[in-house]
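Read off the chains here:
Protein chains: 2
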Amino acid sequence: MTMHDVGLVPFNTLSVSRAEAFALANTFDRPTLVLDVEKVGANYLLLKEGLGDAHIHYAVKANPAREVIAKLVSLGSHFDAASRGEIEMCLGLGARPETISFGNTIKRASDIAFAHAAGVTLFAVDSEEEMEKIAAHAPGASVYIRLIVENSAADWPLSRKFGCRPSMALRLLERAVELGLSPVGFSFHVGSQTRRSAMWAPVLDEVAEVWTAAHEAGHDLTMLNIGGGFPAFYGDVIEPTVIYGASVMRQVRERFGDVVVMAEPGRGMVADAGVIAAEVLLVSRKSDADLHRWVYLDIGKFSGLAETMDEAIRYQFVTPHDGGATGACVLAGPSCDSADVLYEKRPVELPLALRGGDRILIRNTGAYTTSYSSVGFNGFPPLDLVVI
Amino acid sequence: MTMHDVGLVPFNTLSVSRAEAFALANTFDRPTLVLDVEKVGANYLLLKEGLGDAHIHYAVKANPAREVIAKLVSLGSHFDAASRGEIEMCLGLGARPETISFGNTIKRASDIAFAHAAGVTLFAVDSEEEMEKIAAHAPGASVYIRLIVENSAADWPLSRKFGCRPSMALRLLERAVELGLSPVGFSFHVGSQTRRSAMWAPVLDEVAEVWTAAHEAGHDLTMLNIGGGFPAFYGDVIEPTVIYGASVMRQVRERFGDVVVMAEPGRGMVADAGVIAAEVLLVSRKSDADLHRWVYLDIGKFSGLAETMDEAIRYQFVTPHDGGATGACVLAGPSCDSADVLYEKRPVELPLALRGGDRILIRNTGAYTTSYSSVGFNGFPPLDLVVI
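Which chain is which? The protein sequence lines are A and B, in order.
Position 119 of the first sequence, counting from 1, maps to 119 under our numbering, and the rest follow consecutively.
Position 355 of the second sequence, counting from 1, maps to 355 under our numbering, and the rest follow consecutively.
Don't take each hint at face value.
Footprint (simulated), chain B over chain A, 3 or more residues, beta carbon under 8 Å [to be verified]:
hint, stretch
1, 202 to 216
2, 223 to 236
3, 313 to 321
Taking beta-carbon pairs under 8 Å as the criterion, some of the chain B residues facing chain A (in silico) [stated by the list, open to error]:
hint, residue
4, ALA42
5, PRO64
6, GLU67
7, ALA70
8, GLY85
9, ARG108
10, VAL283
11, TYR296
Rather than coming from a laboratory, the hints here were simulated on the basis of the structure.
Glycine residues also receive a C-beta, built at the ideal position from the N, C-alpha and C atoms.
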């Protein structure tokens, strides 16, 4: 029996997560991410179990909440930082500098100098110009070369923005040596939200070819950074974390042997630790010919749900009317911005009983929500955060 | 002779705006919007000259800087607010409640009640459900019905997110009367960045048909809200503000006679009052086969340049090397996010001499930049603002 059958308790509270239970038991005056930091810790331990002796560098950008960083510091996690700001936060919360990699291939010269002075020794690079900046401002640093990979089967394949082609990668290894840097290996990104571990095989094959070519050219590489891509549940089945991690590591070991492996999970570590408590503002039709209802929430693309861009990430919703008859809806945010539409190409099935004023929960929203939120577009405050 | 010819002064300072001169004369440690509030005031007066006796409601969302609102209050402008937050700010800076319209068609019930209690009397609506909320929480209020228009020729036509079809609009007028509200007229939006005033004709024809039908149905409408759409200069020629405004008003008067006209300029009021001072972080190629250079700035889609989405708005750039030979570039932001690419489908011509560390100005960025900025994606701070 679901709760709406009895008409008293608003949500089905069977088998909900701790964050969801908290969100149901409390009210919030504005859209709020409830984040369960114990769940983040549990996810870290599961990933660690799966990935074995790989160094896990949490991708801070996925959710830079101080409580998340502090929890992961306490568990021994390493960190992948995108900026000086993220490095400062990790250091401030007790992370040792040698556990922080500066993983952005686009760095301000003064930020490289800051990181170097702070004791950070490992930097990402994908171009000669960036290599020269690192040599100038972090002399002697270790660098890994980010490769562009072609064979991604991820839900959100990454563009050509990051990484270089194999021929250039080999030249960058030479250049690193000339500049007095220590080229330790390669990195790549299989693509965000790579749902099955078997999808890694063609990408790993591709990277292994470059690895072999580098060794043949005399570079004794010692480190492979396998990046992120560890999936979260957004409705399509994903493999359990430990099995997934172990499968990826098995595939890595088959191709690269006994190298130091580094991984940069972000989404896979925090997404399912969070749930957003939001409100339906309006359910309407604009014409009698409208096929779908329009459902407007008090949260949208500019206040936390940026990853609905191109409808790439499809969130799951919980409403007080779940279990009742549903119909297709176009889902949109509250701003006066025509681009603030969440799902329109593929409408969302929501209960016919849904009304303005109803609460709505958005599941598995612990990653890439609070930090994408605008400072106050249209006068709406940024997504609030409650850590439990 | 341009300044780079002498190699001493970094930018061509001939005929630059006051904001640009300030940006050139100062250094900034992070991306900063320099906003000339006197220019905003001048733009208001030009629009007022063009639009004659129309009531100008500044669309606060375009740039909610307190200095902008205060300036416009002092000049007698009215305001179009998207949220309770914007209403509170306008009231706090001295705007009288009867000069503020609550123009968002998606409102939280408690925000309607707040606005009503604060003395706001004019509300936008495009659905029966919203009309009922207004009747419940702002009894007796004046409402205007937002129409969907089909014939937009704007650079950024708005989606179906806002407005209703004519048949529903007529029904909403009836419903307003039943609910004890005062239906005063219609609103529409010709589309953002409608570059020539002649483009308004087909849209005004469309609205006039509904207007006539409403009068035939016995509704004595008194107000036409012509929305925004007033263009800013982004490289394509636009008509001078006064001529543009006067032409729009002439077209309105031809069709609607002596009604009260309300306009909601945002972009056209603030865009050219602002310039962003930014920095080039990296210029690189990813492979020898790359057709274009990649130019990475310290500002991107998530720190102020959200309107580059789909490459809709094309900004103009000023560099220390202007006048020298140029080549096509893909332009991207600094974050570790593959979606943070500004212009790729239509690359940007930039000087071949451009290097990491160079300053770069982004012109006409006073509208829809600071407020879209994320709170700190990737650890980068939000776009800073200096008002001069």
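Against the structure, the hints come out as follows:
For the stretch 202 to 216 of chain A, the proposed coverage by chain B is not satisfied: 0 residues have a C-beta within less than 8 Å of a C-beta in that chain, short of the threshold of three. Counting residues of the stretch 223 to 236 of chain A whose beta carbon lies closer than 8 Å to any beta carbon of chain B gives 0, which falls short of the minimum of three for the stated coverage. Remark: the stretch 313 to 321 of chain A is not confirmed as covered by chain B, as 0 of its residues place a Cβ nearer than 8 Å to a Cβ of that chain, below the required three. Below 8 Å, beta-carbon pairs count as interface contacts, and B:ALA42 has none with chain A, the closest being about 25 Å; its hint is therefore violated.
Hint on B:PRO64 holds. Least Cβ distance to chain A is approximately 7 Å, under the 8 Å limit. Here the hint on B:GLU67 is broken, as its CB sits about 16 Å from the closest CB of chain A, past 8 Å. Restraint check, B:ALA70 versus chain A: the minimum CB separation of about 16 Å is more than 8 Å; hint violated. Hint status for B:GLY85: holds, given a least beta-carbon distance of 3 Å to chain A, under 8 Å.
With a cut of 8 Å, the hint placing B:ARG108 at the interface with chain A holds, because the nearest CB-to-CB distance is about 6 Å. Taken as an interface hint, B:VAL283 checks out: its beta carbon lies about 6 Å from the nearest beta carbon of chain A, inside 8 Å. Using the Cβ-Cβ criterion of 8 Å, the hint placing B:TYR296 at the interface with chain A is satisfied: the shortest such distance is roughly 4 Å.
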